[in-house]
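Trainee: Each chain, letter by letter, is given below.
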Amino acid sequence: MGLEEFKGVFIFAQQVDGVLDGVAFELLGKGKDLAKDLNTDVTAVLVGSGIKGLADQLAEYGADKVIVVDDPELKEYRTEPYAHALASVINKYKPEIVLVGATAIGRDLGPTVSARVKTGLTADCTVLEIGDFPLNVSEGQEQSHNQLLMTRPAFGGNTIATIACPYNRPQMATVRPGVMQKIAPIAGAHANVEEFNPGFTPDNRYVEILNIVKAVKNTANIMDAKILVSGGRGVGSKENFKLLDDLAEVLGATVSCSRAVVENGWQPVDLQVGQTGKTVRPQIYFAIGISGAIQHVAGMEDSDLIVAINKDEDAPIFDVADYGLVGDLNKIVPALTAALKSEMGK
Amino acid sequence: MKIVVCIKQVPDTKGGVKFNPDGTLDRAAMLTIMNPDDKAGLEAALRLKEQYGAEVTVLTMGLPKADEVLREAMAMGADRGILVTDRVLGGADTWATSTTIAGAIRNLEYDLIITGRQAIDGDTAQVGPQIAEHLGLPVISYAQDIKIDGDSVIVQRQYEDRYHELKVKMPCLITALSELNQPRYMTPGGIFDAYEKEVTVWGRADLKDVDDSDLGLKGSPTKIAKASDKVRKGAGEKVVLDTDEAVAYLIGKFKEKHVI
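Heads up: the protein sequence lines correspond to chains B and G, in order. Counting from 1, one number per residue, gives the positions in the first sequence under our numbering. Counting from 1001, one number per residue, gives the positions in the second sequence under our numbering.
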């Protein structure tokens, strides 16, 4: 079958416990852009048990069509029935692009499905666009148009590579949550909903779920925060995060942290920003006592405004900061908190 | 019980990276380590060996110098090492890599295959699940705890806000998180023994049930269009001021930007 027979942009609309993951809306936002460039439409693939009702929400965030695979075997995420669902959708509907969130589910589902349908998969993309491959042609070389060009960081954020999948379809990519922009929801938007069930017969690859243990969560989602007050090793202790809590309170901000802080047990892992933590892009990011290792910077450099406070004048965080204050955070942070309090009280 | 652990020699990303003219990584030019998640996978296998008795085979694909990580693994306690190396395997993406490793594993007896979740050079987390797919095995990714229960494994599979305790009959493939454990050090005796032992070297001809068209750069569905050092946004202003002045400076900037 020719590559040109594959049409349309599909996104995997991840849901857990009947709640759509934010990354599904973000993928729809990006999927719409790509679909526009390709003069096609965007389809959400919704997989689960008793989840048909979520289709409307996907429509509001830009889905032209929703394919629902609903089966009792799909109640909880398990690699095999989910991979069978998505691979069957791909084989039946033949999309040219499939986007999956780079979540703990997507980074298991994506590779399994791509191997099953024999195509390439590019992980953790930060930029997706339509263009030519190769970018520049030498004499006698053929250039393919309307290719998905997938850009991603690699080697610990030291480099950036743009990847194409010119001779296989679909072109598959995973995207980390928080990287793409969702559209403002359009109330009452309607999508064409189609149900599809490829049949699910348990075999040796269906694992048994003995137990589900949910983490007790009382921490804020740092990816939703408009302002983040982020602390690093330089904060010095768990107790000293009080300084950051105070600043955050005045600004209505959320506290986050670097990897070193989590490793020291000062803050829980869900507050960690960076390559092994979360990607954030708030309006203001305070980097306090954070040296700015490349793995940290990779997770926050797209913030609108970056303020760094560090006593080491040569700390690499100053290379990405809009405003850098060289000095003792123990003095500057409380003084800043007090000054903001009086400014905002005016 | 027979356990195969897939490990990778990776550039120490703290040391900077170098490229070949075709945009692929110049691995020969960089300092290398055993990939951390893989090392946790190896440690998990060695603990299972101590607890239940097992033969642990470590397998890697890479340049001839990747022999070093196999020696390190054997010095930690692995029983034997297999190096898959061949010019025609170079430049492989995750599809071609997983096809190659699956082709090598088809020569082995195994109950359990353990890989790291992801390597610090590519960060894709794809090769483990793709090996399982090629071999038709169940896969459990992101393992934070592994136990054996008769002919099955019981694994805690980590997600962002929960974990699932999963049970599946062996053979199966598990991808390990570095949080799984604290890997042991090599012992002096182990190092000595490791350099006495033979490492098995396999090439293209030793891969079972694999097409040439699925190997190396040519067999990789994904192609690099361009690769470069990351261009970062330039530094802004950096000031060294007394505390009061520093605060006044920042408040001024915030007002300028209508932040407050």
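Keep in mind that the hints were calculated from the coordinates and are not lab data. Beta carbons are placed, not taken as given, at the ideal position from N, Cα and C, and that holds for glycine. Among these hints, one or two may not hold up.
Claimed, not checked - Some chain B residues judged to face chain G by a derived CB distance under 8 Å, without partners named:
id	residue
1	G18
2	R116
3	T122
4	D124
5	P134
6	E194
7	I209
8	N211
9	V326
Unchecked claim - Below are the DSS-like pairs computed for lysine-lysine, each with C-alpha atoms no more than 30 Å apart in a straight line:
id	chain 1	residue 1	chain 2	residue 2
10	B	K214	G	K1226
11	B	K118	G	K1223
12	B	K52	B	K36
13	G	K1223	B	K32
14	G	K1257	B	K118
Trainee: All hints are to be evaluated individually against the structure, with a verdict given for each.
Mentor: Status of each hint after checking the structure:
1. G18: Violated. Min distance 15 Å.
2. R116: holds, 6 Å
3. T122: Interface hint status for T122/B: holds (6 Å vs cutoff 8 Å).
4. D124: Status holds, d = 6 Å.
5. P134: holds, 6 Å
6. E194: violated, 27 Å
7. I209: holds, 5 Å
8. N211: holds, 4 Å
9. V326: holds, 4 Å
10. K214/B with K1226/G: violated, 42 Å
11. K118/B with K1223/G: Judged against 30 Å, a Cα distance of about 15 Å means the pair holds.
12. K52/B with K36/B: Distance of about 26 Å is within 30 Å: holds.
13. K1223/G with K32/B: Given that 30 Å is the threshold and the Cα spacing comes to 24 Å, the pair holds.
14. K1257/G with K118/B: violated, 50 Å
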